Amino acid sequence: MFSYCADPDTLGTFRWFSCYLTNGVHWSFYLSFIKVLALLAVTAPVALGFGFAGAMAARSHFPPLSWLGKGYIAIVRGVPDIAFFLFFVIALDQAFEWTRHKILCPDWTDPIRQGNDFIVCQAAKLPLGTAPEWVHETYGFFLAVITFSIVFGAFAANVLFGGMRAVPHAQLETAEAYGMNRRQTFWKILVPQMWVYALPGLSNLWMVLIKATPLLFLLGVEDIVYWARELGGTKTSKFTQYPHGDWRMWYFLFLLIFYLGMTRFSEIGLEKLMRRLSHGQATSGGELLRKETTA
Amino acid sequence: MSCIQTIQDYGLRSFGFGERLLPKTDFTLCEQFTLIGSGMIWNIYFGVMALATGFFLATALAVGKASTNKWLRKPAEWFIFLFRGSPLFIQFFFAYFFFLSLKKTYPMFDAFTSAWLGALIVLFLNTAAYSGEIFYGALRSIPKGDIEAADAYGMSGWSRFRRIVWPTMLRLAWPAYTNEAIFLFHATTLVFFSAFPAWQQRGDALYYASYFADKTFNPFIPYPILAFYFILLTLVIVGGFGLINKRLNRHLPTAKRAKMRFKLNLAR
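Protein chains in written order, with the working numbering: chain D, 354 to 648; chain E, 886 to 1153.
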């Protein structure tokens, strides 16, 4: 990056590091942090949507739908989340390819599962064999986002379901007395009030989501864990201008600090949000705020 | 090959007994059930050992964090923040590479780079931090009257802690602690997917499940088997902790007994 980086052997420690940390592969490392943040930014709203749908299904008065919702909530609790991650990445991929296979190659007669193989016609491959590299990477990332959303959607469904039940029942009865139907009661009375009850759970979930992002590595995305392992490993002067020993420990220490920073930052932000939402609410938090302002 | 034979060959495969080679083709349901079940031994080992040792450090951390002495409080707070604020996955990686570089200078750290000890230490510290926070929360919500009653009886110091504070703390924390135990057992599946190597393919349940999924390219059989084992394990934990909960609450009148609510926190 800098002009004096042409011959790293001649440099003092500080300048050597300024060159080392700005070489090409390190830019890929820094870019992968953006990947993690993008995953968070996309997954959080989508998972919330999944959660909302799940909670609505669980509350439904139509039994099969409510079983579906409750089953969705319950199953993710009993099983380690990383098992789900590993499962969904393959399962989703196969589900997409299977669907495309059925639509695109209707006259294909061979079975799709042959022994230990999963074979679909060329046109149904996802992404297509001819697709450029970035399509493959985006597809991998896309699968990761859906997987994360399904798993965290179940967590969110549980939290939102609890939040909906925590809204005082008298509120709903009053709405009914005013002649609102079920749909109106749900959207105009229940939903606006449930957030303050759901927020502690949702902020907890956000923390868990942040801490789950390194699992992207297991889904085959070239994320920060991947790069930290790659860059930290021992490099000899044969392959790079910047030979060094095994520095993986330091790279992971850096990741550790990055995540601690993220946690602290979120804690502060969520506390501010909670204060705002508690304002004027009939909860102990709201009461505390009222006393603070009047005292 | 009959199923009994398979169980004899692979039942303890995860600890290196029995058949050396893993099955390569024509996987039967029995083989998958046996090997994944064999891997569960590791999950149970990690979970039980980490819980048993972490419990004591957690108590110490909770007392430390609730202390008025700055020199006790600050280290406990930092310890809890460090382990609760960063992903367990990264902790495993860091610890492994840390032990690896220690090993280079001091060969006596050899055992620390293998999963049975190195990963156990990480899990021990991690669960101690999470449970410590739970115990700290419980410690702060001990009814004031209980402490006052203890004072009135002339108890103080160790005897007050041993007879009043600690049992009440456990009683209040127990439902959340059960939750933590469940999630700790789930977290044990991360061990062989982080840096710790599965030496001679002796891995945990998820290791074998993903082995089968990779070989057959069919995730719909091994992962549900794994899920079955874990749901079973979760039920056992809930049952076992429920019994302890009953004992902790046995002095209370039936109506006042805190019912075990497992839907407290979904995730730790």
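Be a bit skeptical, because a hint or two may be false.
[Claimed, not checked] Not close to chain D: a few residues of chain E, all C-beta gaps over 10 Å, as computed:
id, residue
1, 900
2, 907
3, 973
4, 974
5, 1001
6, 1032
7, 1037
8, 1091
9, 1111
[Claimed, not checked] The calculated label-pair distances, taken between Cβ atoms and stated as ranges, are:
id, chain 1, residue 1, chain 2, residue 2, range
10, D, 540, E, 901, 35 to 45 Å
11, D, 394, E, 1099, 23 to 33 Å
12, D, 540, E, 1029, 14 to 24 Å
13, E, 1105, D, 394, 51 to 61 Å
14, D, 427, E, 1036, 15 to 25 Å
15, E, 953, D, 621, 19 to 29 Å
16, E, 1002, D, 416, 47 to 57 Å
17, D, 626, E, 909, 34 to 44 Å
18, E, 900, D, 582, 27 to 37 Å
19, D, 624, E, 1029, 50 to 60 Å
20, D, 540, E, 941, 34 to 44 Å
21, E, 941, D, 427, 28 to 38 Å
[As the list claims (entries may be wrong)] Here are the computed lysine to aspartate or glutamate pairs in the EDC-like style, where the Cα-Cα straight-line distance is at most 16 Å:
id, chain 1, residue 1, chain 2, residue 2
22, E, 909, D, 470
23, D, 478, D, 446
24, D, 588, D, 575
25, D, 591, D, 446
26, E, 1100, D, 470
27, D, 388, D, 529
28, D, 591, D, 575
29, D, 588, D, 450
30, E, 909, E, 1036
31, E, 989, D, 599
32, E, 988, D, 362
33, E, 1100, E, 916
Just so you know, these hints were derived from the structure itself, not from any lab. Nothing here was measured: the structure is a model prediction, and the numbers come from that model. C-beta atoms are modelled at their ideal positions from N, C-alpha and C, and glycine is treated no differently.
(request) Determine which of the earlier numbered hints do not hold for this structure and return their numbers in increasing order. (result) Structure breaks hints 3, 4, 8, 9, 10, 12, 13, 14, 17, 19, 20, 24, 25, 27, 28, 29, 30 and 32.
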